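Undergrad: Residues per chain, in single letters:
There are 2 protein chains.
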Amino acid sequence: MTPRPKSMMTPVSMTQVNIKDNFWSPRIRTNRNETIPHAYRQCKETGRIDAFDLKWEPGDEPVPHYFWDSDVAKWIEAASYSLAAHPDPKLDALLDEVIEKIAGAQQPNGYLNVYFTVVKPEARWHNLGMWHELYCAGHLIEAAAAHYGATGKRQLLDVVCRYADHIDSVFGPAPNQRSGAPGHQGIELALVKLYKITGNQRYLNLSKFFLEQRGQNPSVFQLELENLSSEDAELNRHFFQKKAGFDTRYCQDHLPVKEQTEVVGHAVRAMYMYCGMVDVAVETEDDGLLEACRRLWENVCQKRMYVTGGIGPSRDNEGFTEDYDLPNETAYAETCAAVGLIFWNHRLLHAEGRARYADIMEKALYNGALAGISLNGREFFYVNPLASSGAHHRQEWFGCACCPPNIARLIASLGGYIYSESDSDAYIHLYISGQGMLRTAGTQVLISQTSSYPWDGLIDITIQPKRPAVFSLNLRIPGWCRKAALWVNGDKMNLDGCIKHGYARVYRKWLPGDEVRLELDMPVERVRAHPNVKQNQGCVALARGPIIFCLEEADNPAPLHRLILPKRAKFKTIYNGDTLGGIVKLQTEALFTEDTDWSEGLYRFQPPKTHPCLLTAIPYYAWDHRAPGEMQVWIREGGE
Amino acid sequence: MTPRPKSMMTPVSMTQVNIKDNFWSPRIRTNRNETIPHAYRQCKETGRIDAFDLKWEPGDEPVPHYFWDSDVAKWIEAASYSLAAHPDPKLDALLDEVIEKIAGAQQPNGYLNVYFTVVKPEARWHNLGMWHELYCAGHLIEAAAAHYGATGKRQLLDVVCRYADHIDSVFGPAPNQRSGAPGHQGIELALVKLYKITGNQRYLNLSKFFLEQRGQNPSVFQLELENLSSEDAELNRHFFQKKAGFDTRYCQDHLPVKEQTEVVGHAVRAMYMYCGMVDVAVETEDDGLLEACRRLWENVCQKRMYVTGGIGPSRDNEGFTEDYDLPNETAYAETCAAVGLIFWNHRLLHAEGRARYADIMEKALYNGALAGISLNGREFFYVNPLASSGAHHRQEWFGCACCPPNIARLIASLGGYIYSESDSDAYIHLYISGQGMLRTAGTQVLISQTSSYPWDGLIDITIQPKRPAVFSLNLRIPGWCRKAALWVNGDKMNLDGCIKHGYARVYRKWLPGDEVRLELDMPVERVRAHPNVKQNQGCVALARGPIIFCLEEADNPAPLHRLILPKRAKFKTIYNGDTLGGIVKLQTEALFTEDTDWSEGLYRFQPPKTHPCLLTAIPYYAWDHRAPGEMQVWIREGGE
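Going line by line, the protein sequences match chains W and U. First residue of the first sequence: 459, per the working numbering; consecutive thereafter. First residue of the second sequence: 459, per the working numbering; consecutive thereafter.
Hints are computed from structural coordinates only; laboratory data are not their basis. Accuracy of the hints is not assured; some may be wrong.
No copy labels: a pair is met if it fits in one copy or bridges any two.
Stated by the list, open to error - Here are the simulated SDA-like cross-link-like pairs (lysine to any residue), alpha carbons at most 20 Å apart as the crow flies:
1. Lys611 / Gly1040
2. Lys761 / Gly1059
3. Lys1025 / Gly996
4. Lys924 / Arg612
5. Lys941 / Pro1065
6. Lys1067 / Val985
Everything numeric in this text was worked out from a predicted model, so none of it was measured.
Sequences and hints are given; from them, build the entire structure.
TA: As structure tokens, this is what we get:
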């Protein structure tokens, strides 16, 4: 029933991919053995799961929160992906049990939301702007899609179809329907998933409808605000009632989506909406919608993104501010936003086939998103600053627990981000060891990768078509790589001649056992920020391959801001398999500003003295696993 | 009746000083002709003055605020000083009129506060922590002292004596008295002024009592909080009820004053309290109290002060945070706090006779405080950041209008900060042209100064003792000066031999017409901040003499953070009498970071290119008088 997507290529499903990778396999195992059970326990202990029993009564504690459903849904999604990659009868049964509860909470008309069933039933669909009803619905749909994909079981899928049908009956352009859009997006991309599974065009239309409801004048959120009690409207006014009047930039409602040019407002809302925009653009062949995504992508990547792939600098709106406003210590850079950036770039990659999207996907994956979870899989960052005075630490859970299951569902489904296929082409986007079974040129092709990525740039690939086949193998040449070399069966290729859209494209008749070797030069690089990023002028970040590094107090003299990296300092790269789950660390001789001779008080005319010291940098994703202390990504450059 | 102070020296009253100075005379004139009338109009138009008629009734707008009385009191103080320096019958009459109103508002028992007479009489003396009752009383006393000093008229003095008597009957250690201390200090220093004028020891004792009430366990503010309604206590809880429990660091109540070692909390409260501490220490010969002031001074000057003399980096508490926490763009650095720093250092200077206090006084005077008022005398900064993106501008008035009359009273009384005297010594602290009539060695000595200070370091001084007299003339050698030379009647002195406590001390028999020439070398200096001040590492501030400079967008390529000051760049100093009231500006060739070649997006490996540009710096106090734009004090240093 799946309609043929109009994209350049199709992702190879995680069910066709087997990861056997020194970097990722332990993380996927930890995700399965620690994070997913931990998230279940947290959902259980905080009452999130049993809330679906609908037994809450006024006066009971805790009061279900209006976004609780989404936490459970994301857990189901993560657990389902994990189950798809790794059979686990107990997890299978546990999923069935939770899904049974959810199914039991569905109302006769299909409605399904705990908070608006037991706590505030009279307020159903009253405050789309801030009360997350459609957002929760979106996550339930995504959970159902994942569970159906992993197990083939239809129970949750049927539940969400009934729910989606109900939503589709309430919202829409017909005279008996109402206007409105989700204040927190997510349902748009979920409805497209549901459309792709079921082939039911109404879900695609509803997704499009919700997108088109944005940026009206007056705003749908302004209209609904007028019907809220002043008490209920307080939350909305905080975010929407700005000095200059009513302003819903916070939830990307300032302009019709096709006219948007700048990433604004709450970063996670933005990412989820942009995902929905790409999905609808591809399915409806709407170039204008895709063009808007391109503009937004250029704005965020060229002006509003941290070097880690973190996005959304401000705590105030959990989101975007202005071009080049990228403070380090106060960076919000929510884990969910980096995860959302990966989702969006994965979609853009398939819509356009350009490696620049895979570059951003990889950057956020190895840095801004991965930092969100501890090595033991049980602690999480909600906020990912690029500098810390030592007080910021991962936590076991959050009242607003969006991030833990979000990073869990990403890691559990990582296999789905590595390869893509089309009739004529096979693509490798990420260098993660293991195998992928693709379908191209009318045959099955098993691709095997072996490498020590991200610590080394040498990648060996074996191609096993079921039968000899003519197709193009596309190998991503990462944007961070200044020098690459490619061999096919031992013959060195002229790379310059075969780069297309950032991929080395090898067109030939592939025979079983063909061997490809890719060598990506991976020196330590000093990264500079655009001259308009005021916080980072005179500073460099250290990068090697896709990894962004940071300084931690555990390895360096402190305060860290007194370290100066000489312009000509050469780095040693040291692989240490025992530290922090196995990392490459960078070391060089640097300078540390003296204060022992600073008897003059706070200010003086003489330049400060320095003494030599050893500077050690570790991958940013691995910070905050040792004694609490300072952390800093950008390092002042100076001297020679 | 004035008791003999136990300080090292006595300030020469502003009534004995005549300023004729190219820099200050126009400012004093503007203060008299513009600022003081402007502040009166504002007080009048906002209802602050007529509020003393006590005609307010529930429902009337505006509602008098509980700190309004202090604004009017500070206006009286400023106007009185101005009157003392410059006869003005109209202002004299206006003062009488306002004072008449205030006298009319006094209650039969001596109580005098508009808000707690007409708006909330039942809450009198209920919330000393946050309701500013004693603070307003303090300002009324200071106003009375100034008015009496300027005119000899006793009306307001008598009023405040009755009020102080009433306060003294309410508060104190006797069984029929109550405990308590002002949440916003100020009355302590005011009571010492009143004591010095009246000789009434009870006022000194009450000041001491209020100081000693601080730092009790439990805190007097905690005790009174228990008697407040939860609604009334909300304000207090915001400032006092910290995560870790009850904490009144906000108003310096965390420890007994003698045990305090760090400047904490609201900066203006702190400064006013420290002034009171010096006053009481001197009058009661309490070395322990003075020692606490020395510790606090070292903490603020060595760890918590901006290069401008601004203090209190945080908006949250309008005050202090941690050692070396001195952010530039978010600096609060309230004008009142810089003014308070001047008051405090002026007192410390007289208690100890050390030039380091005059150095801070001068720094705050020419920079952090003076920036608080526009050249036209009618616009004011409440907050004085050291960098601005262009949105921060002086305003005509504030709802909380403490700063405008505070800077006005400082400028109006500037004559009182220049000279000091003792039996054996004459002191010149500030190089401001004009004359001072001192009393030392049993005779009157007229000292005349002529200079182009602060633009030039050559100061010519004439000494006119009424009869030849043996005394030491002490000339401050500013801390910013690395090379000074001194001539007496044309003979060059060996300065090294005669420096004491930062003053060049010339002991001799002075004859009428003796001439002294002081030459203070005044090159452009690059100021560096202590290595622990993280925001300013790799940066310099520009200073010349007492003046701290800044960059403004009106003179420089922008954004300003893209400017780099080469390490070896030489400065030209250009005096321009027509610009910004007459300034020296600094110019040099600098570098500006290119972005035209920045096609790679937000991050890249290649160092940015630069092109040469002209860098122009103007005095910090003069910023924000031209087209709105960026401002920046600290400049990144780089290259050669």
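Undergrad: If a hint holds in the structure, say so; if it doesn't, say that too.
TA: Hint-by-hint comparison with the structure:
1. Proximity of Lys611 and Gly1040 under a CA criterion of 20 Å is satisfied in neither setting, with 39 Å inside one chain copy and 83 Å between copies.
2. Taking the closest pair of Cα atoms, Lys761 and Gly1059 come within 20 Å of each other only across two copies (8 Å); inside a single copy the shortest separation is 39 Å, beyond that limit.
3. Both within a single protomer and between protomers do Lys1025 and Gly996 lie at most 20 Å apart by alpha-carbon distance, with minima of 11 Å and 14 Å respectively.
4. In this assembly of identical chains, the alpha carbons of Lys924 and Arg612 never lie at most 20 Å apart, being 33 Å within a copy and 109 Å across copies at closest.
5. Taking the shortest Cα distances, Lys941 and Pro1065 sit within 20 Å of each other only across copies (19 Å), while inside one copy they are farther apart (40 Å).
6. Taking identical chains as interchangeable, the C-alpha atoms of Lys1067 and Val985 lie at most 20 Å apart only when they sit on different chains, with a minimum of 14 Å there against 26 Å within one chain.
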